[in-house]
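Enquirer: Dock chain B against the given chain A, drawing on the hints supplied.
Protein chains in written order, with this note's numbering: chain A, 4 to 282; chain B, 4 to 246.
Bear in mind the hints are in silico, worked out from the structure with no lab data behind them. Do not take every clue at face value.
[Unchecked claim] With a Cα cut of at most 16 Å, we get these calculated EDC-like pairs of lysine to aspartate or glutamate:
1. K42(B) to E183(A)
2. K42(B) to E180(A)
3. K68(B) to E183(A)
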Amino acid sequence: MGILHWLQRWLMAPRKAGKETESYGRRFLSQSSYLSLGSLSFIILVSTWCLVTYGGLVQPYFLSSPTQVYEAAHNLLVMQNYAGDIAASVIRIVVGFLASAVLAIPLGILIGRSQIFEAIFAPITSFVRYLPVPALLPFCILWLGIGEVQKISIVFVGVFFQLVLMIADISRNIPPELLEIAYTLGTTPRMAIIRVVLPYSAPLIFDGLRITLGWAWGWVMLAELVGASQGIGYMILKSQRYLLNANMIVGLLTVGLLGLATDLLFAGLNRALFRWRQT
Amino acid sequence: MSPSGERIEVLRKISLKVPKGQFVTVLGPSGCGKTTLLKLVAGLVVPSFGRILVDQIALTRPSCKLGYVPQAYSLFPWLTVSGNIEYGLRQLGTLARERQNRVDQMLSLVGLVEFRSYYPRSLSGGMQQRVAIARALAPNPDILLMDEPFAALAIEQRQAMQVALQSIWMKTGKTIIFVTHDLSEAIYLSDTVYVMSDRPGSLIGAREIPLPRPREIAAREGPEFFGVYKELVSLTSSSEGFK
Numbered sequence: 004m005g006i007l008h009w010l011q012r013w014l015m016a017p018r019k020a021g022k023e024t025e026s027y028g029r030r031f032l033s034q035s036s037y038l039s040l041g042s043l044s045f046i047i048l049v050s051t052w053c054l055v056t057y058g059g060l061v062q063p064y065f066l067s068s069p070t071q072v073y074e075a076a077h078n079l080l081v082m083q084n085y086a087g088d089i090a091a092s093v094i095r096i097v098v099g100f101l102a103s104a105v106l107a108i109p110l111g112i113l114i115g116r117s118q119i120f121e122a123i124f125a126p127i128t129s130f131v132r133y134l135p136v137p138a139l140l141p142f143c144i145l146w147l148g149i150g151e152v153q154k155i156s157i158v159f160v161g162v163f164f165q166l167v168l169m170i171a172d173i174s175r176n177i178p179p180e181l182l183e184i185a186y187t188l189g190t191t192p193r194m195a196i197i198r199v200v201l202p203y204s205a206p207l208i209f210d211g212l213r214i215t216l217g218w219a220w221g222w223v224m225l226a227e228l229v230g231a232s233q234g235i236g237y238m239i240l241k242s243q244r245y246l247l248n249a250n251m252i253v254g255l256l257t258v259g260l261l262g263l264a265t266d267l268l269f270a271g272l273n274r275a276l277f278r279w280r281q282t
Numbered sequence: 004m005s006p007s008g009e010r011i012e013v014l015r016k017i018s019l020k021v022p023k024g025q026f027v028t029v030l031g032p033s034g035c036g037k038t039t040l041l042k043l044v045a046g047l048v049v050p051s052f053g054r055i056l057v058d059q060i061a062l063t064r065p066s067c068k069l070g071y072v073p074q075a076y077s078l079f080p081w082l083t084v085s086g087n088i089e090y091g092l093r094q095l096g097t098l099a100r101e102r103q104n105r106v107d108q109m110l111s112l113v114g115l116v117e118f119r120s121y122y123p124r125s126l127s128g129g130m131q132q133r134v135a136i137a138r139a140l141a142p143n144p145d146i147l148l149m150d151e152p153f154a155a156l157a158i159e160q161r162q163a164m165q166v167a168l169q170s171i172w173m174k175t176g177k178t179i180i181f182v183t184h185d186l187s188e189a190i191y192l193s194d195t196v197y198v199m200s201d202r203p204g205s206l207i208g209a210r211e212i213p214l215p216r217p218r219e220i221a222a223r224e225g226p227e228f229f230g231v232y233k234e235l236v237s238l239t240s241s242s243e244g245f246k
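Chain A on its own, in the form it takes in the complex:
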């Protein structure tokens, strides 16, 4: 219970406390009211769930009850090596995401700052960005089989093209006065990319990473629905075939919580690493 409370407080962290004046068209809500409303909607959701399942209003294979979900989670972790599945999914996402980030950051910055790079790379990247990843999945399987590389490549394709263009946008919008000052202090335009563009954009790029990591979870799940032998998505699929609804919910909750955790981690890191930003 203490964890939930702390979690709630951290989620509330960016909100400024104690603003007295109300503006027209925007009603101010105090911190406690905000928390109450949030908790209320959560409670209503859980209550409905309990009512519907314990009350026998739906079949168990359609929606399991909270106790069933708890038992299923216990079973999965202790007897079915669920931890292995989680690890498999996490590894795929980490490798795919890191590969994307390592390539997208330098390329994005170059596209943003150099007309030449932009002319060469931007049109192609923009076009590929519109290709739906599910439509690219069969190609990946054809070219790369159904092993780990293929799964990682799905994450990569889903993240890379969006990230490059995001970063290019960020780099393009550096205030020109900052660059001018740097020039007058002896920095060449090339050096300025490292000495001005990079430090200024860092928190924004970091935020872009946080957002795209959120999408990456979706792509891992997609990849695991087709030809996997391990992983959270695989577990969900397998459970669906055996009508093990509780297991499916465990899978969903796992991904949801992991995604939330990484999101909060990135947000927290962003605040800690870049204290110079406006709060």
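Expert: Using the frame of chain A, we list chain B on its own:
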């Protein structure tokens, strides 16, 4: 030198000679091209016609020998006050100890010694501009270019900064080219005032300010000051668009 950018003639037939060590102001209405003029001298803008000579040598690009202080919000937000000030020194490859000394010097020159570890976001506008001046002065430039540096400040801050700038100039002896649209500020600070017309900006007048140094704020109420002021007001109001 008369440059024009993108089929718009911004400046016309400007020819200026600034002697070393002088405090010179370029005065003109908003939009007359005085910022462009300053950027030309800084090497940030390439002239379409004409050229800039510094010590008889043609200028091709910006350098730290031509310090530049823009209107506002030009500090590097990810660096502390001392980080900002030593930026030009790092660029020059100055060693850490020397950099430290120079930063200390600059901080006491602009009166911000206690703020060396602060980030720009925690500083007031006046303080930020003082850091900007210190940053431009740190690599010991020959010339300091200032583009309406006090325009974004409140009146009390502005006056305090003018006094501070005069004292800095008298201590360091740099050549300063100062741009403003505030006539009183121009007369208070400079040895010579050049007046520009509205766009396309051209020089319509120049006036030496023979008032004795150091000039006090109180002198702004005095008869000599007022005399020069009246002269320049008639000159500037003859050109359109002047405040």
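Enquirer: It remains to establish, for every hint, whether it holds in the given structure.
Expert: Evaluated hints:
1. Distance check on the hinted pair: K42(B) and E183(A) sit about 9 Å apart at the alpha-carbon level, within 16 Å; holds.
2. With a CA separation close to 11 Å, the supplied pair K42(B) and E180(A) stays within the 16 Å bound.
3. Only pairs whose Cα atoms come within 16 Å are accepted, and K68(B) paired with E183(A) is accepted, the gap being roughly 14 Å.
When each numbered hint is compared with the structure, no violation occurs for any of them.
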